[in-house]
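Engineer: If you're matching them up, the sequences are chains A and B in order. If you count by this note's numbering, then the first sequence holds residues 1 to 238, one letter each, in order. If you count by this note's numbering, then the second sequence holds residues 239 to 678, one letter each, in order.
No lab work stands behind these hints, which were simulated from the structure alone. Note that the Cβ used here is the ideal one computed from N, Cα and C, for glycine as well. Among the hints, erroneous ones may be present.
Pair by pair, the computed Cβ-Cβ distance ranges are [what the hints assert, rightly or not]: (1) A:42 to B:607: 34 to 40 Å; (2) A:85 to B:303: 32 to 38 Å; (3) A:22 to B:561: 22 to 28 Å.
Short derived list, chain B residues pointing at chain A, Cβ under 7 Å [stated by the list, open to error]: (4) 284; (5) 286; (6) 287; (7) 545; (8) 558; (9) 562.
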Amino acid sequence: MNSSPLDSAQRPLDIVLRPHATFDTFVSPEDHELVHSLKGLARATGEPRHYFLWGRTQSGKSHLLQAVCNHLARTGLRTVFLPMREFAAADPNLLNDLQHLDVVCMDDIDCVLGQGGWERALFRIVNDMWLGNKALVVSASCKPGDLDIGLADLASRLAGGLVYRLSSLTDEQKKLAIRLHAQARGLEVSPEVCSYLLRRYPRELKKLVEIIDKLDNYSLALQRKITVPFVRSVLAGT
Amino acid sequence: MTSALWNSCVHQLESELSEQQLNTWIRPLHAIEQDGELILLAPNRFVRDSVQSQFLERIDELVQTNSRSQASRVSLEIGSHEPAAAAPSSTPSPGQDTKPFHHNLNPYFTFETFVEGKSNQLPRAAALQVANNPGRTYNPLLIYGGVGLGKTHLLHAIGNQILEDNPSAKVTYLHSERFVADMIKALQHNTISEFKRHYRSIETLLIDDIQFFARKERSQEEFFHTFNSLLEGQRQVILTCDRYPKDVEGLEERLRSRFSWGLTQAIEPPELETRVAIVQNKAELLHVKLPSDVAFFIGRRIRSNIRELEGALRRVVANAQFTGSAITLEFAKDALQDLLVSQDKMVTLDNIQKTVAEYCRIRVSDLHSPRRTRSVTRPRQIAMALSKELTNHSLPEIGSAFGGRDHTTVLHACRRISELRESDAQINNDYINLLRNLSS
Numbered sequence: 001m002n003s004s005p006l007d008s009a010q011r012p013l014d015i016v017l018r019p020h021a022t023f024d025t026f027v028s029p030e031d032h033e034l035v036h037s038l039k040g041l042a043r044a045t046g047e048p049r050h051y052f053l054w055g056r057t058q059s060g061k062s063h064l065l066q067a068v069c070n071h072l073a074r075t076g077l078r079t080v081f082l083p084m085r086e087f088a089a090a091d092p093n094l095l096n097d098l099q100h101l102d103v104v105c106m107d108d109i110d111c112v113l114g115q116g117g118w119e120r121a122l123f124r125i126v127n128d129m130w131l132g133n134k135a136l137v138v139s140a141s142c143k144p145g146d147l148d149i150g151l152a153d154l155a156s157r158l159a160g161g162l163v164y165r166l167s168s169l170t171d172e173q174k175k176l177a178i179r180l181h182a183q184a185r186g187l188e189v190s191p192e193v194c195s196y197l198l199r200r201y202p203r204e205l206k207k208l209v210e211i212i213d214k215l216d217n218y219s220l221a222l223q224r225k226i227t228v229p230f231v232r233s234v235l236a237g238t
Numbered sequence: 239m240t241s242a243l244w245n246s247c248v249h250q251l252e253s254e255l256s257e258q259q260l261n262t263w264i265r266p267l268h269a270i271e272q273d274g275e276l277i278l279l280a281p282n283r284f285v286r287d288s289v290q291s292q293f294l295e296r297i298d299e300l301v302q303t304n305s306r307s308q309a310s311r312v313s314l315e316i317g318s319h320e321p322a323a324a325a326p327s328s329t330p331s332p333g334q335d336t337k338p339f340h341h342n343l344n345p346y347f348t349f350e351t352f353v354e355g356k357s358n359q360l361p362r363a364a365a366l367q368v369a370n371n372p373g374r375t376y377n378p379l380l381i382y383g384g385v386g387l388g389k390t391h392l393l394h395a396i397g398n399q400i401l402e403d404n405p406s407a408k409v410t411y412l413h414s415e416r417f418v419a420d421m422i423k424a425l426q427h428n429t430i431s432e433f434k435r436h437y438r439s440i441e442t443l444l445i446d447d448i449q450f451f452a453r454k455e456r457s458q459e460e461f462f463h464t465f466n467s468l469l470e471g472q473r474q475v476i477l478t479c480d481r482y483p484k485d486v487e488g489l490e491e492r493l494r495s496r497f498s499w500g501l502t503q504a505i506e507p508p509e510l511e512t513r514v515a516i517v518q519n520k521a522e523l524l525h526v527k528l529p530s531d532v533a534f535f536i537g538r539r540i541r542s543n544i545r546e547l548e549g550a551l552r553r554v555v556a557n558a559q560f561t562g563s564a565i566t567l568e569f570a571k572d573a574l575q576d577l578l579v580s581q582d583k584m585v586t587l588d589n590i591q592k593t594v595a596e597y598c599r600i601r602v603s604d605l606h607s608p609r610r611t612r613s614v615t616r617p618r619q620i621a622m623a624l625s626k627e628l629t630n631h632s633l634p635e636i637g638s639a640f641g642g643r644d645h646t647t648v649l650h651a652c653r654r655i656s657e658l659r660e661s662d663a664q665i666n667n668d669y670i671n672l673l674r675n676l677s678s
């Protein structure tokens with residue numbers, strides 16, 4: 001009986017160079033305008049400098065926010081990415097003095113809305129970034145008017161920036177995203193493998209990207225090309 | 239200038255840390271090399287503490303490896319390093335009276351760019367008088383009204399006018415929430431005397447949204463004394479509030495009473511003509527030619543407040559500039575589609591099955607059943623195709639939700655519906671209707 005690659009003693013270490021979320025690996029043909037505009041934040045000096053991105057989960061919001069940080073950090077600007085989902089139970093003073101940075105990106109702000117302390121802290125940073133003409137990019141699951149915000153002033157300020165909706169990816173776009181992610185790791189994934197993954201496994205891009213990372217590790221260790229039978233054997237039981 | 243040593247450390251950390259760790263904790267740091275030491279400045283204590291506990295040891299190793307003859311010690315502090323040309327910080331730091339006075343006004347908010355209409359002509363006139371004679375006409379001037387009606391614009395316009403007439407005037411715009419936060423910080427750092435001295439040295443204080451003082455007794459107390467001190471010195475105070483101050487619960491009576499010593503003016507929501515004029519005025523400032531039907535469209539659709547009105551215009555302009563298109567009514571409608579649609583509902587498999595069953599007048603249990611008559615098969619196929627399009631469930635999960643069917647059945651259903659939508663207008667129409675019902 002053939003041993004499963006999962007049992008192999010040649011299991012590689014999980015430390016690999018992580019391809020960064022960049023504008024180049026962001027897939028969504030409808031959002032070119034947004035990407036163009038965000039790239040321009042490095043040189044923009046006038047208004048507007050505030051962005052509000054909304055869309056369902058898996059529409060690429062976190063990817064874009066991190067791409068903004070990665071892109072602008074390379075131009076020498078000080079940036080921060082705050083995944084608010086992870087900070088919901090933290091002290092809102094976490095946002096104190098961030099106005100001294102050049103760019104603040106806050107992901108999933110709906111996770112902290114409805115909490116007075118957080119709303120006031122958000123309100124302060126939004127105001128301070130506006131006063132300092134600094135760039136602020138926030139994301140949420142719905143447009144500003146539909147957010148469950150107790151502080152009307154905060155809702156109004158969030159709606160005053162450039163508001164963009166991110167569309168969920170179609171299967172074809174997900175296939176392209178998988179291939180771009182694989183390419184960034186120096187890996188070739190055939191269209192057949194992409195279609196197979198989308199047919200048989202969870203179709204959330206995040207999960208698919210994790211699968212590609214796993215396949216890459218095993219393909220490297222076992223010196224095997226990524227084919228449908230290889231995928232099936234590696235992912236058996238997952 | 240950025241530190242080459244730090245850059246090389248960050249480059250190495252990029253391959254060791256997750257993207258999120260890098261962007262949340264490492265990128266906000268600012269590095270300065272000084273006297274053989276690499277000083278890392280964190281924006282606040284949370285970033286400093288996290289970096290200290292999780293990453294400092296590794297950073298130290300990397301610095302030792304990369305430093306050669308350069309800096310070899312690493313220290314982590316709270317602080318910021320603003321380049322000389324950068325915008326002034328939003329709030330002047332208390333205790334910095336000896337440094338040149340930085341105002342923090344938005345230069346775009348002037349009386350020239352404030353569009354006058356019936357809803358705001360009285361507060362505008364009062365603001366202009368105060369700007370022309372600070373400390374001598376209405377003191378304090380209090381402007382109240384709902385969110386996004388132009389109160390902040392008027393505050394900045396007053397400040398900008400005063401500075402134009404007297405560039406050395408000490409004018410400060412401040413949000414009440416910031417006053418409260420700075421005061422708490424001053425108390426924590428034992429610098430309340432500097433805090434008091436700073437705010438009492440201002441010549442014109444523009445303070446926004448005083449309703450934020452409600453139920454904050456210590457801040458009210460401090461603001462009461464600051465306010466008295468400024469007024470006694472014939473310094474100008476202009477305040478805004480989101481409602482008539484007497485209606486703000488949790489505000490001390492002595493403050494309410496003080497606030498009404500001068501002139502209190504209401505600012506009302508702008509009527510359609512003013513909204514349209516605001517959009518046209520803003521378009522001119524952006525050097526954009528805006529047809530009047532587009533200005534009317536935006537003015538009619540965005541009724542809530544001026545900030546959102548301007549946000550909508552910016553979106554149209556950004557879209558036009560990117561695509562190189564002329565702004566027409568159709569173009570504007572298209573560009574604002576995202577803003578005007580309702581949010582996506584969370585679509586679940588159960589909801590899809592229920593909606594399709596109702597639409598096709600069958601029972602949800604029919605969709606789960608083994609029945610293969612056309613009246614059941616077709617709705618089942620449509621529901622499966624919608625499930626694939628509107629959810630992230632895997633095909634085996636979708637098959638399982640439809641009476642334990644195989645993923646190949648789901649795949650077949652999706653292909654079949656796709657073909658039928660091309661050849662059968664009725665099915666295409668039904669599919670689009672269901673899609674709209676589920677996603678709007």
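Engineer: Now tell me if each hint is right for this structure.
Structural biologist: Against the structure, the hints come out as follows:
1. Take residue 42 of chain A and residue 607 of chain B: their Cβ atoms lie about 59 Å apart, and the range 34 to 40 Å is violated.
2. The given range of 32 to 38 Å is respected by residue 85 of chain A and residue 303 of chain B, whose C-beta atoms sit roughly 35 Å from each other.
3. Taking 22 to 28 Å as the suggested C-beta distance range, the pair residue 22 of chain A and residue 561 of chain B conforms, at roughly 24 Å.
4. With a least beta-carbon distance of about 5 Å to chain A, the hint placing residue 284 of chain B at the interface is held under the 7 Å criterion.
5. With 7 Å as the threshold, the beta carbon of residue 286 of chain B stays out of range of chain A, its nearest partner Cβ sitting at about 11 Å, so the hint is violated.
6. Residue-level restraint check for residue 287 of chain B is violated (minimum Cβ-Cβ distance to chain A is 10 Å; threshold 7 Å).
7. This hint holds: residue 545 of chain B has a C-beta 4 Å from the nearest C-beta of chain A, less than the 7 Å allowed.
8. Checking residue 558 of chain B against chain A: minimum C-beta separation of about 10 Å lies over 7 Å; hint violated.
9. At its closest, the beta carbon of residue 562 of chain B sits 11 Å from a beta carbon of chain A; the interface hint therefore is violated under the 7 Å criterion.
In summary, the numbered hints that this structure violates are 1, 5, 6, 8, 9.
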